[in-house]
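Got chain R sorted already, so can you dock chains U, V, L and F with the ligands onto it with the hints?
Listed here are the chains, written in short residue letters.
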Amino acid sequence: MTELLFALVCLPFASAFILGLVRSSQVRRIVTYLSTISTIGVALVFCIAYFVRGAYPIEIELSHSFIHITDMCMLALEVCLMLLIVVMSIKYKKYHAALFSVIQTGAIIWYELKSGWMPEYEYSRLYIDWLTIIMVFIIAVVGTLITVYALGYMHDYHHHHTEFKDRRKFFFAMLYIFLGAMFGLVFSNSLSWMYFFWEITSVVSFLLIGYTKTKEAIDNSFTALWMNLLGGCGFAGGIIWIGHSNGISDMQSLISTDSATIVAPVILLSFAALTKSAQLPFSKWLLGAMVAPTPSSALLHSATMVKAGVYLLLRLSPVLANNYAGTLVSLIGGFTFLIMSMLAITVSDGKKVLAYSTISNLGLITACAGVGVEETVWAGVFLLIFHAISKSLLFQTVGSIEHATGSRDIETMHGLSRRHPYLAWTLVIGIAGMYLAPFGMLISKWAALKAFVDSGSIILVLLLCFGSATTLFYWTKWMATVLASKTNDVKAKNTTSANQWFSILVHAIMMIALCFFFPLISSAIIIPYINNVFADATEVISNDNIIIMLLMLFSIFAIPAAAWISAKHTKYRKVTRYINGVNAGDQMNYIDSYGEKRRFFLANWYMEDIFGEKKIWMPSMIISSVAIVVLMVITLGGAI
Amino acid sequence: MSVIMDFTKTAMKNLFSKPATLQYPAKPRLYPERSRGHIEIRIDDCIMCGMCSRACMSGAITVERDKKTWTIERMGCVQCGACVNVCPKKCLDIVPGYTQPSGEKTVDSFSQNEKPEK
Amino acid sequence: MMNRYIISAIFIIAYIVLAPFIGGLTSGVDRKISARMQGRQGPPLLQPFYDVVKLLKKETVAINHVQIIYLLIFLVFVIFTGCLFFGGFDLLLVFFSLTTSNLFLILAASSSHSPYASMGANREMVQMLSYEPMVLLTAVGFYLATGTFKVREIVMQDNLPNIIKLPGLFVGFAFILTIKLRKHPFDLATSHHAHQEMVKGITTEFSGEMFAIVEISHWYENVFLMGVIALFFINANPLSILYALIGVTITYFVLILVDNTCARLKWKLMFKNTWITTAVIGVINVFVLEVITKGVI
Amino acid sequence: MGERSVVPFGPQHPVLPEPIHLDLVLEDEKVIEAIPSIGFVHRGLEQLAEKRDFNNYQYVIERICGICSFKHGMAYCEALERIFDAEVPERATYLRSIWGEMSRMHSHLLWLGLLADAFGFDALFMQCWRMREKILDMFEASTGGRVIFSVNKIGGVLKDMDADMLKSFVGILDDMEKDLIRLTNTFLNDYTVESRLRGVGILSKDDAIRLGAVGPMARASGVNIDMRKLGYEAYSNAEFEIITSNECDGYARCAVRIGELFQSISIIKQLAEKITDGEIANSIKGMPNGEAFVRVEQPRGEAIYYAKANGTKFLERFRVRTPTFTNLEALIHILPGSEFADVPLQILTIDPCISCTER
Amino acid sequence: MSGVSKSPWIMHYDATSCNGCDIEVLACLTPLYDVERFGVINTGNPKHADILLITGSVNEQSKDVVKQLYDQMTEPKVVCAIGICACNGGVFKDCYNVLGGVDKVIPVDVYVPGCAARPEAIIDGVVKSLAILEEKSKNVKTYKEA
Ligand code: SF4
Ligand code: SF4
Ligand code: SF4
Ligand code: SF4
Ligand code: SF4
Ligand code: SF4
Ligand code: SF4
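Residue numbers (our numbering), protein chains in the order written: chain R, 134 to 773; chain U, 11 to 128; chain V, 480 to 776; chain L, 528 to 886; chain F, 267 to 412.
Please keep in mind that the hints were generated in silico from the structure rather than gathered at the bench. A hint or two may mislead.
To be verified - In silico lysine to aspartate or glutamate, EDC-like type, Cα no more than 16 Å apart, as pairs:
#1 Lys557(L) x Asp742(R)
#2 Lys333(F) x Asp369(F)
#3 Lys346(R) x Asp299(R)
#4 Lys557(L) x Glu741(R)
#5 Lys37(U) x Glu386(F)
The following block holds chain R by itself, in its conformation from the complex:
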């Protein structure tokens, strides 16, 4: 186990090193393929090994000297990161980032080397349980597939955007460093180690957002940086506080204490998690992050890195139940869910919709974690899995659509199902996965709703009810647009490269497979995990309903198939569209007021008067900031 674990962490770093050196795209491709295969392979073996060993949580024992050396290396690297940030900040005159970085790194170094507050570890520094395994699986499979996708994508990207310098070496290296850091993060039980990897992901994200080095990219990257670093300060503060006052330095000890004194430091940690998961009022950075090339949006800003935040919250969930920390987290999460799904209605840029929807869904997971009872954690973990895969699928598909059609605006996707049927259908699978019965996200939402009611969080119930409606709106709109058929559209040439296709297809298949195996995953993986964390897990969704869900799942494939066949036999006459009697006869035009042919156009609704950013952004920022400040003051004040 230990070897496999180290292999998983080190492999990506090694690949990153190589990729950072090679210039030839041929070699890069080979290295990427090899890394992908090996990472996925090792991850699978790792998961199987875990299962074979009885699927009990494992603590990895490490020798003292190794720990000591690692600690020192980490500190050294943290200093390096800090220096990097400081240099960059000075270069671009964004000093607050440097300030945050210096504060937190300084604090951590002081804490580890000097203060003497640092307690002994109760558990090992590395720890594996089902949640780790799930994350490992996501990082290994989704993560590396995205790097494969990136091969094709970045090639096209630089083909289209000659104005940007080709920094692919750097790009791929960063992707792999990031993957390594994510593995490290999910294996770490030690809070300091976790913090170290946390910082790496922040910095990698910062560097990738700034990839194109345009003014906008730089600005956005610094926004992302300072917000994440602010969260990092919270993280550091939480570690120090908890170590000093409770003598705890690792996650497992933390969640098994039931002392009320940990609420305050837990709030600090949660604060870090909220920033990383771009919850209100820290959502701006994730939206800005969309300037980065799509693979990095998919990998960091949707499927994995932002998951680190909710991962941390899910880990913390046992200590979030029934206290202010939990209330804060769940309210912020639920609120973010609603607000962001409203905002998603108002934008037409496909990637922006995905960004809003990502934040919104993270909000839901956050709310689940914040409530912190068995059922919500169950739902939260499921949401995490489904979201990672379907969002990654969506980002990649939208990226490919952009390359194929030259635009990622929803309004240009009318009739995509005729022009680019394959891309359109993977997009539809992704969208369906996000909100339709019987796909996973919906099941999880359903479970979450039940759990919220059970736990008496009526406000969350309301946020969820309203949020579901808005979510419904923007996805349906997009889906209907894609599936509209403009009869005179012809199938366009498929320009998506094979490696992009491979990644997209595997994602789509995983998406569908997940739905089929959802009961199995629930009983074999999630329930044991919950059992372990909460000592007793209730059956969240009863058997009865699982049967129905499966029925619905089958029906969603079987009924269309049957309908297809019966429709084939329905005799009908093809006619022109009804356009008040002024159809020009060619389906797309009508005779306008000047007697000329004019193309009609059917845009979607954006409801800016109601949900527009201008209308609701500021109020929601204010509400969430006030909520955070008030709740933090209450708890921190109470604790001090």
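Just chains U, V, L and F with the ligands now, kept in the frame of chain R:
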């Protein structure tokens, strides 16, 4: 002051009283005597002067002096009564009762020689 | 256990077989009463059936054949929704399935890419946006009142009828029913009445058999929705079935009355009204219920 | 924000009884741009004046439009009476005015019905038209036609109303008045109706004047014009105030027309009271020569007729400027910024009559 | 009994009428005449309509609209020309812009005379159309195969 469902009273009254429907065609409609339905001619009084035909805005009347026939396109007469007003012999009348709808354009021809034919 | 499934099956079969007749007849009565409220004699009682028979006999024209596919799926999902409900399954699941069915109607309309059909589809989406919170909240209300989402168990509970605990939700649900039943003032996406700015909105491009499918699914849906209304009245007491019948009749009558005494509102007003109603009536009800259940238990 | 929708509206559209076409550019459902086109009912009947005997041309003119058919015929006869410089018997002027006001009532009731229909209030539509039938019955009893009366004649009218008939009509109007109050209250007070009318299609007084709005459209924007005050026919014998409103929106237009409905009843009653006995037509001899210009107040506003004769039995030129034609300008002005659902409603608030606009 | 005639849905189009006939068509729907007694629904959509009630004598500009609406109607369908204008152009026969009757553009099944056509006449016309509709529906199988 806005009232919600202001119409309720009328609606309920309608609901519980007999509908206003006249039940045409089950019950025939009675027309006032002035009602302008169609043109009738007392063909024997006609002098075939053609005044009516010239007055007719829609050209529905043809008078053939030589054949002694007076013909009206029923589907072309707008019941204006101009012909009635100009007829020197007052042999035209406009009377209640419209021409029945039909699949063909009804033309009625009257001849002083024979019985009216259709 | 086995017994339970047999009863479910009987209900489901009864629903599948009877719903079109009940739905069609209700619609006939509806048209008759509406006509009388307008001072007219109105069509024969069986007119809806004549309409559907005619539609089935008429030629079907379409823009493309995916339209027909989506419509068929829509029909199946509507029936499926009703089956889940009358089979006594989870109420939330029922509503999710309802949403899915509606999605296919939207797809069927917008896939034609025809101006009025698409605008109708957009409006249908706004309608969903408007009523969805109330629908979910209704399910939540039942759960709070009875401790279960399962229709079967809600029906079998022997407390007072749910309407006693859920008056707000009842009103709220009846309110959004005007949308679901396509009645004034909220028949935005398509209307039973001729003159609408949307022409026939979402159903503009459906003809012949396709339009018949829409009508039939409308019947199924109506019966299901009336079932939800009945759920507010039914408990283990057999007599409650009578109350439910009376309740459903009165509700339906009020809806017809509203239909005939209101102008069609604009979408913004619909959206605001429904959300506010949901947020006020629904939420107060749920909060009060929460307090009561927590307090009493 | 994405692109905007471009959709056609009309000519065939269930809310439009008459064909008119608009190119609409929409954002969600907000109208950004509306470009109208007409011509779907243009027949070219003015030119028929050159081919039809001036005596009988009246029958063409009253078919300019089936709603105020009577007024077209009347104005045409007036124009020729002016050319001939002929007297019209006083009784005939009373009869013309009574029929004219009844036309206004039927037109406004018809409009109220269509308006109700446009905002989706079927029951109200039905109720309005049910009322309107009573007026049509009076028309048929007195003139023989429900829609096209053919009672005008140069020099007078063709049919008379005896005292019994007038009395019975006044009785019917008295009965109607009560029902009308209840009916129109729904328009004025109902929440849903108000939400559709208030604040929709605002046309300021300045704009109304600048764009040349006429009739209720102008009066609802506070412009005090009514051609009846010129005192043609028997109007100088009736007392009435011009009804105006300063609210300038759809609601005001509705309210003004409702006010005129009751005003018409009062005018008819006054005229039925004062009507004098005597001839109903003077005979006119000879051929017209000269030109005349007539302005009358139709239900939709001021209509202008111009006739030029040259001493033959055919007119040289006949020309109509109809109220809708001038109001269209105002319509185009108020459309942008409204909702798609308001489009038919706003078209209706000018009470368009495309038939007369295009002739 | 094929049943098509039990539910005749109408659509109305004004192809240069003077309004007189249009208003009378609308009046047929109102309480006094209430054609819904025969199952008539006034649908604005050619794709749902069985009977096209068309008024006016058709001009150059509305010609294409009329043709298109007729084409978009589904079989079996019946066209009813309402009013003298629609029958043969009436007083406008000689106007330069009218074609003089609906039958110049699309086949007409029933002519309803009158200027304006009375609601009773329109009802008679619709009733007459029902028989024709019934007749035509016998051929509907062939439409479906075609
Ligand atoms: S009534 Fe008029 S249209 Fe008919 S025949 Fe006489 S003049 Fe001609
Ligand atoms: S005007 Fe009278 S008399 Fe002369 S042809 Fe006509 S009907 Fe006969
Ligand atoms: S302006 Fe008048 S006369 Fe000239 S073509 Fe038009 S309708 Fe005819
Ligand atoms: S239209 Fe010509 S003639 Fe008539 S008033 Fe205007 S400018 Fe003078
Ligand atoms: S009449 Fe007026 S609107 Fe028409 S062309 Fe002349 S100036 Fe322009
Ligand atoms: S505005 Fe003109 S056409 Fe319209 S009703 Fe009045 S007179 Fe007739
Ligand atoms: S037939 Fe007469 S009423 Fe009908 S449209 Fe023609 S002119 Fe008008």
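### Query
Straight-line Cα separation of lysine 333(F) and aspartate 369(F) no greater than 16 Å?
holds (11 Å)
### Query
Between lysine 557(L) and aspartate 742(R), does the CA-CA distance stay at or below 16 Å?
Since the Cα atoms of lysine 557(L) and aspartate 742(R) sit roughly 10 Å apart, the hinted pair holds (cutoff 16 Å).
### Query
Can the restraint linking lysine 346(R) and aspartate 299(R) be considered satisfied, given a maximum Cα separation of 16 Å?
holds (11 Å)
### Query
Has the given pair, lysine 37(U) with glutamate 386(F), been kept, meaning a C-alpha gap of at most 16 Å?
holds (11 Å)
### Query
Given the hinted pair lysine 557(L) and glutamate 741(R), is their alpha-carbon gap at most 16 Å?
Roughly 11 Å separates the two Cα atoms, so the pair holds.
Every hint from the earlier list agrees with this structure, and none is contradicted.
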